[in-house]
Every structure is written in structure tokens, then in C-alpha cells.
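Asks: For reference, the chains in residue letters:
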Amino acid sequence: MADRTNQEWLDALRGPGREDALADLRVYLVRGLRAALPDVPEQNLEDFAQEALLKILAGLDSFRGESRFTTWAFKIAIHEAFSELRRRRWKNVSLQDLVAKYDAGDFTPAVLADRTASTEQRVTQQMLLEMVCRLIDEELTERQRQAMIAVVFGGMPGSEIARRMGTNRNALYKLIHDARQRLQRRLLARGLSVDDVMEAFEG
Amino acid sequence: MINLEPQTLKRMVRNVFSTRPDEIGCDECFEQLDRFVEMTLAGKNAAEAMPLVQDHMARCRECREEFEALLQALRTLA
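Listed in order, the protein sequences are those of chains A and B.
Taken in order, the first sequence gives residues -3 to 199; the numbers are from our numbering.
Taken in order, the second sequence gives residues 2 to 79; the numbers are from our numbering.
In short, the hints are calculated from the structure, not lab data.
Backbone N, C-alpha and C fix where the C-beta goes; we use that ideal spot for every residue, glycine too.
Hints are not guaranteed to be accurate.
[As the list claims (entries may be wrong)] List of simulated lysine to aspartate or glutamate pairs, DMTMM-like, C-alpha gap at most 20 Å:
hint	chain 1	residue 1	chain 2	residue 2
1	B	11	A	198
2	A	170	B	39
3	B	11	A	62
4	B	11	A	195
5	B	11	A	191
6	A	51	A	16
7	B	11	A	192
8	B	45	A	126
9	A	87	B	28
10	A	170	B	23
11	A	97	A	133
12	A	51	B	49
13	A	170	A	135
14	A	51	B	29
15	B	11	A	16
16	B	45	A	116
[Stated by the list, open to error] Which residues of chain A face chain B? A partial, calculated answer using Cβ under 7 Å:
hint	residue
17	32
18	59
19	67
20	71
21	74
22	75
23	120
24	121
25	148
26	160
27	161
28	162
29	165
30	166
31	178
32	197
[Claimed, not checked] Residues of chain A placed beyond 12 Å of chain B at every Cβ, according to the derived structure:
hint	residue
33	4
34	17
35	18
36	91
37	93
38	105
39	172
40	176
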């Protein structure tokens, strides 16, 4: 790949040298993706690189020159590839089903037996779980509750929850951040500190 | 009935308690990720220089995964 400065990359991608620069960048992105995702088939890596190139070209004006151009371009390629792989992995999972699995309405939450914990610690763990579940039910909006259950209990990626909720990953992070802040205020209002909580888990 | 691993409950409650008002979202983290990864590659303390990016990645599995993949690939390409 031709060694270019950031400005040379920008000029080439915007000018007559565009085809050569694009070809070089594509090779670089595919090599990097291969290193990051060694188990993914070559054709998929080519597709991810192609999608990334479109985003890179569309976003050239947002490159602020705070890193090498190739690093900036490659972070876009990684984001494209990981987003698509997450989408494929979770495509058959519905948010409603996932949440319903953990949210049966009149459920009694239970902490699985923690063999390393003392009897007193287990009682505290159980009390904490009940308190947290009650706060999730009573203090959060329906969207916050769904998102939090899907992330914490269901392990679904934020971007996939966001897609199902008709929003984006950033807005979903903010939604859960607001939910955490609310829960934090309520736990503190009940006189609980982080030290109390950690004590319940440490032997 | 919901059954929860003690470690999941612990992580969740700790996450709630460590919530800070100035957290950045995924978009801001992504904007700064190229600088963060280059500082890390250069052996500089990126976490100290960009604490909000570090804090976001500690909480957001997806951004952390993408950072780790970026770092690993750039090390391989170097």
C-alpha cells in the first residue's frame, strides 16, 4: 500500500487518484479485518470492507485528523463488521420473548446458590436481588425496564435492542444510563452503600 | 422465577452504584476511539488521558469489543 500522509489520503479519495486510493484502502481494511476476525469467511470480510468504504467516503468531512487516517478508517470497518455479525447472531431472537423469559410478572427472584457465601451473605444477596427487581418494576419506564432486563439478564447487545426498539445504540445507552441513575438514587435513599453490597459478595 | 448468578447481581449493583452523571455515550466513545487506540499502541496511558472513554468501555461491552479488535488488528498490521 502506498504510504500516504493524512492529507494525501483525503486528497486522493476526493480527487483523480480516488480509484487507486480506494483499492489500497480496501486491501488494508480486509487485511485488518482478517487479523481481527480470523474465523470469518473471506467473502464476508470483503463485504464488510466494501460497506465500510462507503461509510468512510460519506464521512470524510468528519475526519478530524486526531489519528492516522488509516486508523480512523479501520475503526469504521471494525464497527461495520461487528454490527453485522451481532445482527446475524441475534436475528432470530425477539426482544419480547427474551424479556418475557425473565419477566414472568409474579416471579420470585432467586440468587443461585453461591457456595462460597456465608448464610448471612446469602440472605443479603437475596434481599438485594428482591430490592433491585422491585425497583426495576416500580421506578423505571417500560422502555428502561425492557432494555435493562434484555442487557443485564438476557445479554443482548445494545445495538440489537436498539434496532428492535426503533432507536440507536447511543440513545439506548443514554436510556439505560438514566435508568441506572434512578436506581442509584433509590438505593442510596434506602441507606445502602456500595461497600454494603460488596461485603455481601466477598468471602 | 428468575435465577441470577451472584456475579451477575454483583456486577449489576456495582454498575448502578458507579453510575456517574458525566458518562459519555457510544457515539462520543466511537469518535475518540482512534486517538485512544493509537495512544495505547504508543505505550501511553490512554485511560488516564481520556478517562471518560475508558469509563464508557468498562461499561459497554460492544464498544470494548470493538476497541480490543481494533487494537489486536493494528498490532498485527504494524
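Asks: All hints, please: hold or fail.
Replies: These are the hints, each one checked on the structure:
1. The straight-line distance between the Cα atoms of residue 11/B and residue 198/A is roughly 10 Å, inside the 20 Å bound, and the hint therefore holds.
2. Straight-line distance between C-alpha atoms of residue 170/A and residue 39/B comes to about 27 Å, which puts the hinted pair past the 20 Å bound.
3. Only pairs whose Cα atoms come within 20 Å are accepted, and residue 11/B paired with residue 62/A is rejected, the gap being roughly 38 Å.
4. With a CA separation close to 10 Å, the supplied pair residue 11/B and residue 195/A stays within the 20 Å bound.
5. Between the alpha carbons of residue 11/B and residue 191/A the distance comes to roughly 11 Å, so the proposed pair stays at or under 20 Å and holds.
6. A threshold of 20 Å between alpha carbons decides the hint, and for residue 51/A with residue 16/A the separation of about 18 Å falls inside it, so the pair holds.
7. Between residue 11/B and residue 192/A, the direct Cα distance comes to roughly 11 Å. Compliance with the 20 Å bound is thereby established for this hinted pair.
8. Restraint check for residue 45/B and residue 126/A: not satisfied, since their Cα atoms lie roughly 44 Å apart, outside the 20 Å limit.
9. Straight-line distance between C-alpha atoms of residue 87/A and residue 28/B comes to about 23 Å, which puts the hinted pair past the 20 Å bound.
10. Taking the CA atoms of residue 170/A and residue 23/B, the gap is near 11 Å; set against the 20 Å cutoff, the hint holds.
11. Distance check on the hinted pair: residue 97/A and residue 133/A sit about 15 Å apart at the alpha-carbon level, within 20 Å; holds.
12. The suggested pairing of residue 51/A with residue 49/B is violated, with an alpha-carbon distance near 31 Å, which exceeds 20 Å.
13. As the CA atoms of residue 170/A and residue 135/A are separated by approximately 16 Å, the hinted pair is consistent with the 20 Å bound.
14. Distance check on the hinted pair: residue 51/A and residue 29/B sit about 17 Å apart at the alpha-carbon level, within 20 Å; holds.
15. The hinted pair formed by residue 11/B and residue 16/A fails the criterion: a straight-line CA distance of about 53 Å is larger than 20 Å.
16. As the CA atoms of residue 45/B and residue 116/A are separated by approximately 45 Å, the hinted pair breaks the 20 Å bound.
17. Contact between residue 32/A and chain B, as hinted, is supported at the beta carbon level, the nearest pair being about 4 Å apart and thus within 7 Å.
18. About 9 Å separates the beta-carbon of residue 59/A from the nearest beta-carbon of chain B, more than 7 Å, and the hint is not met.
19. Given hint, residue 67/A at the interface with chain B, holds; its Cβ is 5 Å from that chain's nearest Cβ, closer than 7 Å.
20. Annotation: interface hint on residue 71/A holds; nearest CB of chain B at approximately 5 Å, less than 7 Å.
21. The interface hint given for residue 74/A holds, since its Cβ lies 5 Å from the closest Cβ of chain B, which is under the 7 Å cut-off.
22. Here the hint on residue 75/A is kept, as its CB sits about 6 Å from the closest CB of chain B, short of 7 Å.
23. For residue 120/A, the interface hint is violated, the least distance from its beta-carbon to any beta-carbon of chain B being 11 Å, above 7 Å.
24. At about 6 Å, the closest approach between the beta carbon of residue 121/A and any beta carbon in chain B falls short of 7 Å, and the interface hint on this residue holds.
25. Here the hint on residue 148/A is kept, as its CB sits about 5 Å from the closest CB of chain B, short of 7 Å.
26. Annotation: residue 160/A was flagged as interfacial toward chain B, and the flag is violated, the nearest CB pair being 15 Å apart, outside 7 Å.
27. Because the beta carbon of residue 161/A sits about 15 Å from the nearest beta carbon in chain B, more than 7 Å, this interface hint is broken.
28. Nearest Cβ of chain B to the Cβ of residue 162/A: about 17 Å, over the 7 Å cut. The hint is violated.
29. Among the interface hints, the one on residue 165/A holds; its C-beta lies about 5 Å from the nearest C-beta in chain B, closer than the 7 Å criterion.
30. Taking 7 Å as the C-beta cut-off, the interface hint given for residue 166/A holds, the closest approach to chain B being about 4 Å.
31. Restraint check, residue 178/A versus chain B: the minimum CB separation of about 9 Å is more than 7 Å; hint violated.
32. With its C-beta approaching chain B no nearer than about 5 Å, residue 197/A sits inside the 7 Å limit, and its interface hint holds.
33. With a closest Cβ-Cβ approach of about 18 Å to chain B, residue 4/A is found to remain outside the 12 Å limit, as its non-interface label requires.
34. The claim that residue 17/A lies off the interface holds: its Cβ sits roughly 18 Å from the closest Cβ of chain B, which is beyond the 12 Å cut-off.
35. With a minimum CB-CB distance of about 18 Å to chain B, residue 18/A clears the 12 Å threshold, and the non-interface call stands.
36. Interface exclusion of residue 91/A from chain B stands, the closest Cβ pair being 16 Å apart, more than 12 Å.
37. A cut-off of 12 Å between C-beta atoms confirms that residue 93/A is not in contact with chain B; the least separation is 15 Å.
38. Listed as a non-interface residue, residue 105/A fails to keep its Cβ farther than 12 Å from every Cβ of chain B; the least gap is roughly 5 Å.
39. With a closest Cβ-Cβ approach of about 9 Å to chain B, residue 172/A is found to fall inside the 12 Å limit, against its non-interface label.
40. For residue 176/A, the shortest C-beta to C-beta distance to chain B comes to about 4 Å, within the 12 Å cut-off, and the non-interface label is violated.
The structure fails hints 2, 3, 8, 9, 12, 15, 16, 18, 23, 26, 27, 28, 31, 38, 39, 40 (numbered hints given earlier, in ascending order).
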